[in-house]
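Trainee: If you want the building blocks of each chain, they are given just below.
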Amino acid sequence: MFSGAALGAGALIVAVLFAVALFLVVQALPTFGAPAADITGGRGFFSYIFPIVIGTLIAATIALLIATPVGVAVALFTSHYAPRKLARGLGYVVDLLAAIPSVVYGAWGASYLASQLKGPYQWLADNLGWIPLFGGPASGTGKTILTAGIVLAVMVLPIIASLTREIFLQAPMLHQEAALALGATRWEMIRMAVLPFARGGIISAVMLGLGRALGETMAVALVLSSGPLIASLIRSGNQTIAAEIALDFPEAFGLRMHELIAAGLVLFLITLAVNMVARWIINRHSEFSGAN
Amino acid sequence: MVTLMTERKRSALTRGRLPKYTPHVIAVSAVVVAAALMSLVGFNIFGWAVLSAVLFATANVVSTALVEGRRKATDKLATSVVAGAFLVALLPLVSVIWTVLVNGVPGLLTPGFLNTSMNGVTGAVDNASVENGTPVLGGAYHALVGSVLITLWATIISVPVGLLTAIYLVEYGARNRFSKIITFLVDVMTGIPSIVAGLFAAAFFAMILGPGTKTGFVAAVALSVLMIPVVVRSSEEMLKIVPNELREASYALGVRKWRTIIKVVIPTAISGIASGVTLAIARVIGETAPLLVTAGFATTINMNVFSGWMASLPTLIYTQIMTPTSPSNSDPSTQRAWAAALLLIILVMLLNLGARLVARIFAPKTGR
Amino acid sequence: MSKRIDVSDLNVYYGDFRAVEDVNITLDAKSVTAFIGPSGCGKSTFLRTLNRMHEVIPGARVEGKVLLDGDNLYGDGVDPVQVRSQIGMVFQRPNPFPTMSIRDNVLAGVKLNSRRISRSDADDLVEGSLRGANLWNEVKDRLEKPGSGLSGGQQQRLCIARAIAVAPDVILMDEPCSALDPISTLAIEDLINELKDEYTVVIVTHNMQQAARVSDKTAFFNIAGTGKPGKLIEFAETATIFNNPSEKSTEDYVSGRFG
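Protein chains in written order, with this note's numbering: chain B, 1 to 292; chain Y, 1 to 368; chain V, 1 to 259.
It is possible that part of the hints are untrue.
Straight-line distance between alpha carbons at most 16 Å, and here's what the computed EDC-like set of lysine to aspartate or glutamate pairs gives [unchecked claim]:
hint, chain 1, residue 1, chain 2, residue 2
1, B, K85, V, E55
2, V, K145, V, E194
3, Y, K20, V, D79
4, V, K140, V, D123
5, V, K30, V, E234
6, V, K65, Y, E7
7, V, K3, V, D76
8, V, K3, Y, E7
9, V, K3, V, D123
10, V, K231, V, D76
11, Y, K20, V, D76
Coverage of chain Y stretches by chain B, computed from C-beta distances (three or more under 8 Å per stretch; other residues unrestricted) [claimed, not checked]:
hint, region
12, 151-164
13, 172-182
14, 206-213
15, 264-278
16, 288-301
17, 348-360
Keep in mind that the hints were calculated from the coordinates and are not lab data. Ideal placement from N, C-alpha and C gives every residue a C-beta, glycine not left out.
Go ahead and model the full structure; you've got the sequences and the hints to work with.
Mentor: Structure below.
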C-alpha cells in the first residue's frame, strides 16, 4: 500500500511533466495551423516569435555578463577571503538576495533603478552613440532592455554565487595546502588549486542562472517599456517571451491565446535545453570531483 | 651544548616589505583626498565612499607593486576586486530593502490597509483622497487572504506528492531505472520557467472546464508544479542522511518497512523536511507570473479557491503599478503597491526565519 | 642552501585550547631531525608552525619565536608567503596538482616567482629536481602526462621534487610514508638520506624504525592525557634516544610499551 503510494507519487511527477508538454503542444497547435495573416504582426508565427526570442536572449546575456564575474567573486569572497566567523553570515546575506520576490525586484527596477540610470544612458548616447548598442536617443524613462538586464542580473547573482560557493568549499584542501607550502599567495593558490577544480561547477552554475534569466518574467514585464526589436540597449524597445505572455495573456482569447501558449512552449524548450546541458555538465563533473 | 642563536634586529624576511601601518595610512589619505575631490564636484556620501574605496585599492596595489613586487601586487589586486565585487553585490540588496521600507511603511501604517479590500475603491476615491489630503483608502486584505489560500492549497498538493516521491527515490527506488528517470525529470521541473507553469495550469483547466477558467485552485496547481521539485529535492537530501543503522535496527526488531519509514526514518529527518517545505513555501508565495495567467485580478475578498477570481499580494503589487486605480493620480496606487511589497517581504522573511527555527526545534536531540 | 632553526618558548593554540606547550629546540642545518610520539601529541601541529602552515587551520595561533638563521618567522611584518618559499613541505598524502602534467607540477612553485623562465632552464630544473627526488628515470619519457597517473610512491617523490625545485632552505615532511607501501617507503628513506647533504630536513613519523634509520637527531613528544597540551619530552642524538634515553616515558615509547 505504502510503497504503492510512493510509486504513485513518482509516477504522478512523470505524468505532470508529460502533461505540461502535452497541454502546451495541444493548446499551441492552432497557431501553427492558422493562416499567416491572422498571426500577430501578420507574417506568420516565425516572424512573430523571432524578435522576442532574440529579446529574451539579449536580456539574459546582459544578466549573465554582469552576474557571472560578480557572482563568482562573491562566492570566492565568502569561501576564501572573508574571515571564517563572518563567512557564514555573509552567505546568508547573499541568500537573502534570492529570497526577495521577483515582483519586488521588478517594482524596484521600474521605480528606482530606471530613473537612476537615465543620466548614464544619456551620457552613453552622447559619447558612445556611434556604437549601435548605445545608439540614441536615450530613453527618457530609463525603462530599457539594459535596465531589465541589470535587474535580471541581480536576481541571477545569488544563484550563481551560492552554487559556486559550494563548489569552492569542496575544492580539496590537500591541493590548496600544496600550493601554499610552495609559497603561493592566496590568489596564486586559488588559481592553482581552486579554479581548475571548480571550472565545471562554475559553468553549470552559470547555465542554471541562464535558465532562470531566460524564464524570469516580472523583472522584464515591470521594467521594460517594450517595443520592436532594436539594437540599442538604451532606448525603449525589445521584448522577452515571458514578459510578453504575462502582459498579454490575461486579456487574450482565441487565436491570440494559442499564440502566447506557443510562445510559452518555445520558452519551455529553450530553458529545457539549457538546463539539460547544465545538468549534464554537473553529472559529468561529479565523477571527477569529490574525495578521490 | 648548543647555544641558541639570538634574533636578528633587521630580519631578512622583512626586507623589501612595506611597513605594517602602510594600509592604514593609505586608507586615511584616500578618504581625505576623496572628500577633497568630491567637494570640487558636489559632495554626496555614496560618491565619496566609492571614490575612497577606488583610491584606496589603487594606491594600495600600486605601492605594493613598487615595493614588494608583481606577485604581492597581483594578490592585493585580486583581494580588492573580490571584496569590491561583494560590496557591489550588496548594493542592490540594500537599495531594494531601503526603497521598500521608505515607500512601504506609510502605506502599511495607514489604518485599514490590513483589514480592508479594494472593493469599491475606484479612481474617484483615489482622486478624492489626493485632493482632500485624506488617508488612502483600500487595502490588501483580499490579497493577503488570496495569497495565503493559494499557497496553502499548493502546499496541500505538493507536500504529499513531493514527500512520497522522495521516499520512493530513497527507500524503494534504489537507483533503478524508473527512479533515475524521476530524478532527471525533477531536475527538469526545477528549471521550468514560472510563467510556463502558469500557462500549463491555465491550458489544462481551459481544456477540462472551458476557456477562461481562472480560480485560486488553478493558481495553486501552477504553484505546485514549481513547488513539487523543491520539496522532492530537499526531502530526498534529508532522507538520505538518515543513517542506515537506524533502518536495520528497526528491521531487526521485526518492524515492517513502511512502519519503519513512518516511525523511524521520517521522524529522524522531520526537521530538515519541515524546514525544506517552509523554504519552498517562501519561494512560491512571492511568485507572480503564474498567478497573472491563472487567478485573474480580483478586488474583492474571495474565500473560495474553487470559484471566481482571486487576488494575491504579488498580483496586487503588479496591477497597482502597471494600471493605477486612478490614472491621473497614481500616488495612492503606488503607496498601496509598496505597502503590499513590504508586507510580502516581511512574510517571506518570516517564512525563512521560520524554516531556521523549525530546523532547530525539530532537530534530533543529541547528547551535547 | 641550508639553514638552522631555533625555536624558543613556542606555544600553539587552537582557539583557547593549548595544543603544544613550551617547545625549545634547535634543528641543525644539513641534518635530518625526526619527531616521534603517540597520536595527538602535537608533533604534526608543531611541524606546521615551522613554516606557518598551521595558519590554514581555523583558530590556530602561535606564541613564541621560530628563528631561521636568526630571522624570526613570527616577527612583525613577516609575510607567511615568503616563509613558505624558504621552508618547503611534503604532506602525509601525496598531493600533486591533478590538472597539471608531471613537468608542470615540478615547475609549479618556480613559475610563481619567475614567470619568464627559458625553456632550457626549465628543462634543466625539471631534470635536476626529478633526479634529486630519484624519480627521473621512471618518468623522463612521460613528463607531459598528468601527475595523478603515477603510483603513490612516485607521486610522493614528485611532491618532493616539486618542493626542492624552489630551492628551499628547509624541507618539512609530515609522515611522508604513511600512505605508501614498503618499497616506496624505502625509496623515500633513501632519498631523505641524500637530501640532508643540501637541506635541513625535519620529518614527522609514526614509525620508530624509520626514525632510527633516517635521522641524526630525534625529538620525542608526548601528552599527559587527553585535553592536555603536547610537550617536547626529550631531544637528543637518535642513537641516544633509542638506546639510552634519559626519560622514563621515552624509554617506554621506543621500547613499544605504549603508543
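Trainee: Each hint should be assessed against the structure and marked as holding or not.
Mentor: Results for each hint:
no.	hint	verdict
1	K85(B) / E55(V)	15 Å, holds
2	K145(V) / E194(V)	27 Å, violated
3	K20(Y) / D79(V)	11 Å, holds
4	K140(V) / D123(V)	11 Å, holds
5	K30(V) / E234(V)	21 Å, violated
6	K65(V) / E7(Y)	9 Å, holds
7	K3(V) / D76(V)	21 Å, violated
8	K3(V) / E7(Y)	14 Å, holds
9	K3(V) / D123(V)	27 Å, violated
10	K231(V) / D76(V)	26 Å, violated
11	K20(Y) / D76(V)	8 Å, holds
12	151-164	holds (count 5)
13	172-182	holds (count 6)
14	206-213	holds (count 4)
15	264-278	violated (count 0)
16	288-301	holds (count 6)
17	348-360	holds (count 3)
Comparing the model with each earlier hint shows violations of hints 2, 5, 7, 9, 10 and 15; every other hint is respected.
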